Amino acid sequence: MEKLKKKFGSFSFWNWVIASIIFRLILIYFPKNLNLPSRPEVSTPLTSFRRLAEGYWLKQSSMSPYAGQPNHLLYSLVSVIGDVVSAMLIRATGQNLQLAYFRTLDSLDLVKQIEGSEVHSSGDVAALIYLCNPFTIVACVGLSTSPIENMAVILCLYGACSRLIPLAAFGWVIATHLSLYPAILIIPVHHFFQPPRKLFLQRHQQKGVLNQSKLPPGFSWRPIIHFAFWALVWSVYVLVLCGISLKQFGGLWEMFKSTYGFILTVEDLSPNIGVLWYFFAEVFEFFRNFFLIVFHVNILFIILPLAIRLHHRPCYLAFVYVAVCSMLKSYPSVGDSALYSGLLGWFVNELSDMQFSLFLFCGYVGVSLLSPVMHNLWIWRGTGNANFYFATATVYACLQIVLVVEGVSAMLNHDRKLRSLIAGKPQDAKS
Amino acid sequence: MAETKVKSHNDDKPKPRVRPIVRLGIFLVSHSFLVSVVCCTSGVLALFLLPVLAKNTYISENALMPGSASPMLSNQHVLDGNRLVKDLTNSNLKSSETGIGSHKIIAQYMLDLGAEVSFHKFHPQMNQFHPLHFFSSPDSGKIQENYSCSSYGINTVGIIRAPRGDGKEAIVLVTPYNALKSGFGEALSLGIAYSVFSLLTQVTWLAKDIIWLVADSQFGEYAAVAAWLREYQTPKFSSSSTLNAEMCPDINNLFEIKVHSVAGSKFSNSFRRAGTMAAALVLKVRDQSEQFEDTISIYAEASNGQMPNLDLINVVNYLAVHRQGLRVNVEKLRSLLNSSWLKSLGEFFESLAKVAKRLNPKCKFGIPATEYVEGTATLASSLYYQALGVPTGPHGAFRDYQVDAITLEISPKFSLDKVWRNDILLRGGRLIEGVIRSVNNLLEKFHQSFFLYLLTSPSKFVSVGVYMIAFALLIAPLPMVAASLYVDANSSSNCSKGDSSTPPAITDADEHGITIRSWRWLNSAKLVFIVHLWGAIVSLLPYFICQIPDCSPTTSFVIWVLLSILSLLILNTVLASPLACVKASQVKEWALVKSVTISSVFIGLGLMSVINFATAEFGALLLVPMCLLAQPLKLDVRAGTLRSFCRIICNLVLGHIAFPPAAFFLLKGMLDGFGSANVGDFWMWVESLWAWNSATYLFIGMVQLPCWVLCVSILFHSC
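Going down the list, the protein sequences come from chains C and E.
The opening residue of the first sequence carries number 1 in the working numbering; numbering runs sequentially from there.
The opening residue of the second sequence carries number 1 in the working numbering; numbering runs sequentially from there.
Only chain E is shown next, with the shape it has when bound in the complex (with noise of 0.2 Å):
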């Protein structure tokens, strides 16, 4: 006891013993305004390399085995499935008022191959906003009382049992048909589709069952598929909707379907399922089209920015590429294609990459500079469609299930012949085929290759370990800049107060101190949770006023605006004050204001960037910018230097760019140009977020906003 004593007094002024991994964060703290411009620019520079970046697909898994086996699809089978759009295209001319006469003929056809036949009725789902739906698993949907039996749409449904599965398996064939005005591509891929299914009920090798979905788009495609997905996968145990919907007579001529006897041959009423779902792939056939070549495009975003396994993809492109001689293609956005700053870009990359390639002829680096202004484009509109969280096509609702699925659009060069009908039919059913013969070989699920990239081009993918790298580095200030932030606010107290390390300074006044030093931040935290909290209340203010019948898109808007300012007033009023007051006098508040923003904005973008990258890395362009420049502007008013002066120009205008609303419609403004902007558009888009529930809808009510309001208020704070 007596020797602690002894050592203590000898330690009156104790080094400040720091461990190394302290000093580094403290050495980082310290430079912060240089670190973030560092990480900021590097950040925004590694989003522009990824198109550089990216690497060439590759089929991941070797059960896959693409293209090993020969086709075996045949003229006979091409003929069946013209026999199919002939018939289909002669019954639309003569009846045209229901689609029934085409559901029978499709079943008809169907149930010749010796398939199990089914129909599957649905009322079309209205879309509801569900906040929480991320988080949680699918469910089976409401049960709505008293359907009209106008609406109901009629889902075709054909199964082959496989010969050596153990029908625990199926893989999934759907082609979107609308019986009351279909187009000749619709019809076309129903042949398409009839062609390969009638191939696929002679082979032997079929270890996976086939389930042939001929989805009644009249209410949408996505529509039809989800209904369908939704009755296969959580079955509802309710009567009342079925009761209904056999009550229409309508529905019951439908059963009134010849069955030959085909062996194996079946029709039921009831719905038919086979086993989990592998894969999944859409056909469709475009109608009109001015390409020069046969292409395939493929769609593959779901919500929220979900991607199927990147093998389904490279199995379509490999087998369309190399055996099909079909051109594939992804989404890209035309409007960058034609940019000149992004060619010159390219431009300078492709030199860099040849100075690198002189000082080390290993380096494989950079890529021709069209290359990387279509592999720019193509990557964007890859963002863009992730970052809208909404699905591009019918293939978004299998992901919902945790079922790979792409839709595969054929856009013919067009012309009427039959032998080039014959050739489309040929090359699109050889390409079906080979990729239900390569699923087929799979013994587990998808699993091997990526979920999370983003492609530049068909063949090349950038995978989340390359642009998260970008995301960090634009992100990485974030924490450090509200560190330095924290500890400026705190010292900035306490520097009055002399060392309280040595003990005979310590007055009243410094155990003063100690009692809010540490936490004086909780005030801070208090504002901040508030706006979060009125940010979660305006996300959930449309669900009351989409209640309100008869509401122009532009009134609801105005409502919107309306019940939000109302809403933080009276927050403000009944949390805030009470404890603002007194505290108000506090030096620096706006710091230690902006510190917890700062932190609350850093855990908003990584959470978000987990569930929608794309989302994520939008925002952040945004976001981190406005937060980090934030600074108010009486301070820098006063200061009158040209630094300051800048600031308050950066402040105004990011404070103006990064309001949701306003960042919609610069965005819209871009795109379509300004004339036909309105102040409902901003309601219809967000109303189009939340009925596919995405979770940008979430990041711009709980995220994005309230960040702006905390920046804005740190603007207009006075000091």
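Only chain C is shown next, with the shape it has when bound in the complex (with noise of 0.2 Å):
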């Protein structure tokens, strides 16, 4: 019976992948009516797909790639397959994930009292909420390069998770040459290294009994080194190759500058579903670089509370991180929400009790519905005006912060939910 069950979830699964395939297909078969490439929430410039073919021809003509709009990208463009890899990342990822999490509950004692509830294969959930995103559709039939993107964020956390020390190096640093923002992964990859601790000495806290031996090694710095050399190695490999092909354009130095550049000092002004652009059209040119690091700084300021609040999940923790980078860019698109969107199937166990999960969801379809209406009033019918677009980007940044505060609320909670088991059960064996 069981073994029939799986047999059909599986079979299922493979069902809505191939159907989601032959959606994008069918979609891309259609271009024209929904001229997806143009629209501002899919294609940012770092993104679109026809600044990266300006880009390669500029090339080809032998002038300098960043010589007209400031193009980031310089790789060749397999959404669809992209997505196909990122999904099945995801769930092997996942599977990963629940293994290790029913590892900790077998190690906790817990395991009896999970038994009895139903509990979601997270790896499929994932790759389904991935691959089914209208979000991720509408980024890899738009032409536009963040599945990529993504697909290298994924290669990051898979390596870390299955502890290929070569492989997370790869991905992290192939991620933050493409968008810059995943470099703060190197804080969750790290923590992945790192044996979880706080939940082993709380159960033998609670007994009594603290048997060293039982313990799991303590912070090591042999998988840090490990990774560090990797990350090097593959950074200047990445680096030599760019400066191989530009080396006539005026070499690595130009394409800093117009890269990390670009995107650090948001020079591109047009609109996009972030807030950062219209806050830098508004402001005043020499507050400009002011008003540039605090935005920046925003990013930094939370990586350290999160980092020591959920370092017991390095995980979640990496998809908090995501989740503030997509929100606090400079040239987001819904792309980003459809990676972090994707990784939160991962926690749909854990996640189970969070709170206006309707609301989110509702918020989310209304805002991805306006968004384009609200585009449509300004730019084509002139009716309206950019604080119409504006209003749509700023009520999304508010959807993605209750949706991280939630989550990690939630995720909190369900931690609280763990020790307190722990704490319940000897009272439970001795009545």
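Treat the hints with care, as some may be off.
What the hints assert, rightly or not - Calculated Cβ distances over 10 Å to all of chain E for the following chain C residues: (1) I18; (2) E54; (3) T104; (4) Q194; (5) C398.
Claimed, not checked - FRET-style restraints, in silico, Cβ to Cβ: (6) A639/E x L412/C: 37 to 47 Å; (7) Q248/C x S567/E: 55 to 65 Å; (8) F529/E x V283/C: 34 to 44 Å.
It is worth saying that the hints were derived from the structure and are not from the lab.
Please read these numbers as outputs of a predicted model, since none were measured by experiment.
The beta-carbon is built from N, C-alpha and C at its ideal position, and this holds for glycine as well.
Relying on the hints, combine the two individually framed chains into one complex.
Written out as structure tokens, the structure reads:
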């Protein structure tokens, strides 16, 4: 019976995967009706395929690829395959995570409590969320390059989760090279390599027996050095490749200036679903640097407290970082929210208590429908103005904030519940 | 670590710390019934208050300066215009089999003034269904092959280059003219336009080019203007259609025009352009009229309820009333003018205003009852035409390219003597001259005044900030009721499982509850999604049905209904059933379905209010009560109280009314009487909606219909 159910589950999983691929291909077949590549929600200056094509063309005609619109991306585009590979990686990581979760519960003797309940296979759920998410589909069909960026991030997390240090380092380097923000993922990746201690300690303190021999080994430098070595190797490799291909156009410095510099200084103020373009269009020129620093430090401020609070759940920490980045980055697109909503699927069991889930869902649906309408009102019909579009951008940002806050608090509640279960067990045994 | 542990032991029963905003939300949600009743009634009341709250219009853009210069149009120009009118009527008498003759006359007159003249040949485009047209930019249209020579129209275009301009901006004057069977009114409108045109060739103050488009209206006024605009704004780079056109012998006759040696005059075969259009005026003169004084009607509604900038209407209104002594008129719903209940409502508001004035003398609230009735009738027609989403004249084509345009229809008091004709030519011409002179002063495009407004009279308007309040009050109960239903459904399933915040009470059952509790709505969301998907399919079906040749409206409608039912059944079996059976036994499942339905309706109405406010308002008046009242009939029957009985009645009535075809026939019956109602009418109406790319069509298909289906399924839920 169990087997049958499992078989049925996997069957429908593959069905859904195939259905989502077919749906993408159908949409790709009708490109003109939707005109997705020109939508500001889909293609930002960083992820637009048009700019990629322009950059390639400029390079072919032996000009600097950065001479036209600043262009970050010089790699080929296979978004559908990228999406499927990402989904498979997410699935594998989710299965790893679930195994680890059960192992933790096992070591805490809590398996009995969970047995009766319905446990979803979080890997499948996450992969399906990623594949069937309209945001992912739109980013894929809209010739945005974010599927590739997302794949690099997921590759990094997968490598970290399954302790393939070279792979994790490769993913991290590529993701950082492509969109800079994933650089902060080094902290969760680092946490992955440290064995969890907190719950063990608690469990044993509760029992009053602190058996040193049963404790997993503490902080170890080995994997970190290992990771640093591989990260160095990969980044040198990438930089050398870039240096060779950009030799006649001013070399690496030019690349840094017009990629990372472009991201950090928010030069392109064309509207997108973020909030920075509006702000920097309004701000006085001589305050610009100050506010640039303020906005970017925002992300850095969030890193440390979260790293301390969630250090026992590195994967969740990575999810929160990705979500925070997509909220505060300079050129966000729907591809970013596709990434973090896919990662959210990993924690379907832990987050089952999350509040406001219906509210968040409706909010996302509403904003994703309202945003094109507002853009149309502003640009095509001329009856609206920039504030109309910016209003949806702020609502979108607020939704992301609510999602992160509620997600983190639900996760902490879940941990608290586990702790109270540990605390409650001896009493149960006594009674 | 130890400290936190102690703390957690002390806080075994932590006080629920609730943020104030959340507390406010909880308060509203727990009193959702009262709140929704209050909000809905005040929303409807606020709608009826709108004519009272209307403000007087004012000219917002200082650069316009209407009426600051004295009109230069003299009797000489009027005589010129008269000459053209005479020539045209004579040529009509002579040869009416083709319109070529009158086109030649007009072109010759334009050339004599020294304007650049060109002909624009077009083929009337079949109206096609573009479901996503609203979200995309205007395209250059499909290039159709094999045109026949018999069906083409010829627009005559004359352009005056401004002596002081840089040729980057232009003002468009449009006069629809059907060369095959033109009435006297059309000739007269050409006369007015010509007299203005002849003046504008001489003046020195012109800073924007003037384009005079004589639109060939034998395929409809809109089609001709739209075809010319499409060519002007999005040029086609395909030679096939032009080649085809030039093979026709008739058209080649056109080009045999004597070009006099007037400086600057130039005839060209190619399409001529001026700069970007600042504004456009469509001028019409009505043939018959029974008015006692000369009136001028303003039509402004473009597709999807878009309006031109209010300043343009203000300028016309100001010049017509204060300079030319014409009565200005906007469309009214005549049937409302004589309704007694509206009159008594107006009197009630008037007396209310008197009381308010006695209490506070500064209070400027309230209008006379008669004015209230007129304002309401105007507002109702303004709402009606906006909600329909079909433009009320050729000016609608301009709005698609962000050009502000209105149609002016002059209906003179009718007499045939020459003095009267000269008078109309003079006053109409001076009005047009004044408007053009004002627009000529503009430095930027119209942006100062409102784009989103409703007119209650030519000089009074309700802005978006006011009418949105009425709408917001109407839909405010939706999220609250959705939240309260959601909370109810969740708490009712958990109440038996004890408080989860106290650790000792945790049982296996609670652990079991965790996994599904807060995501239980996903199942209902799936149902709602499927029904909306079905709605999308139903809205796409007419595209395929209208490909069937020789299909009467009635059969098309029947096919449509049958296919819709079939697709609903298929979707239901394919997508819904495997998972529906798993959770069918859930407690209060209908409440969750209702909650998600209401959320989706809220999103739909909110979205529509941005696209087309009037549609959203009408939709909200229908859908909000239906959504809020829906409850399984079984429950109500079981309860058997008076309240539940009332609810059953309301539900049944609303369930019938809100079904889109039923609502249509009811409205039609109220306006024209029930005798002529025919099943095919609904199909024809729908066809006209999608032919004009009206967003109302999408609203009906993707918001109203799914909502109705969901509400009916809630009514017949077995619980």
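Hints numbered earlier in the text: which of these fail when held up against the supplied structure? none
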